[in-house]
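Q: In the numbering used here, the protein residues as written are 1 to 168.
Everything labelled a hint here was simulated from the structure, so no lab data went into it.
Even glycine gets a Cβ: it sits at the ideal position worked out from N, Cα and C.
One or more of the hints may lead you astray.
Simulated restraints, written as ranges between beta carbons of each label pair [what the hints assert, rightly or not]:
(1) 106 <-> 8: 44 to 50 Å
(2) 19 <-> 151: 16 to 22 Å
(3) 50 <-> 110: 32 to 38 Å
(4) 17 <-> 105: 32 to 38 Å
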Amino acid sequence: MSENAHDAESDCAAVLAAADYPVFVVTTRAGAERSGCLVGFTAQVSIDPLRFLVGISKSNHTFGVAERAERLVVHLLPHDRPALAELFGAETGDEIDKFGRCAWRPGPGGLPVLTDAAGWFSGPILERHDYGDHVGMLLAPDVGSAPASGVAVLRMADVDHLAPGHRA
1 MSENAHDAES DCAAVLAAAD YPVFVVTTRA GAERSGCLVG FTAQVSIDPL
51 RFLVGISKSN HTFGVAERAE RLVVHLLPHD RPALAELFGA ETGDEIDKFG
101 RCAWRPGPGG LPVLTDAAGW FSGPILERHD YGDHVGMLLA PDVGSAPASG
151 VAVLRMADVD HLAPGHRA
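With the hints as extra help, turn the sequences into a complete structure.
A: Here's what the structure looks like:
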């Protein structure tokens, strides 16, 4: 890699860190198997029709379940619930039942909806795209619950100290 390419990667990483995006927890279900993880790679990619892209690490337990799933639930976390981010980001479904350690209810298609989320939406997975160590899952949001006006949300800077349950 050239020095300019390394500088560009460093500059890009610095720009993204300064943006301090919100973090989300994604939950899903395939058959009887539930899974969920903290995700940092997300983006609204269309207004009309509404489309949302979620990147899930291939090494993550949730990836295997999401590959077989028909839809995902995307949860926005309130700033005062960092324990949810820690549970879904620093633990792995390979070793624990995350849903036995948090409050949730069955949502669309029986998928888990975290009751302590600030807001959430769900939609069918329209497409999957391989982006390297993550797979992007394109959603068509069709149901959800909006956050309260002015709610403070958890951001990347709030969770950058967490050691992930799996390496990306």
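Q: All the hints need checking, so say for each whether the structure fits it.
A: Checked hints:
Distance hint for residue 106 and residue 8: a CB-CB separation of about 45 Å, consistent with the stated range 44 to 50 Å. For residue 19 paired with residue 151, a C-beta distance near 19 Å keeps the hint of 16 to 22 Å intact. Checking the proposed 32 to 38 Å range against residue 50 and residue 110 shows it is violated: the Cβ atoms sit about 23 Å from each other. For residue 17 and residue 105, the Cβ-Cβ distance of about 35 Å falls inside the hinted range of 32 to 38 Å, so the restraint holds.
When held up to the earlier numbered hints, the structure conflicts with hint 3 and nothing else.
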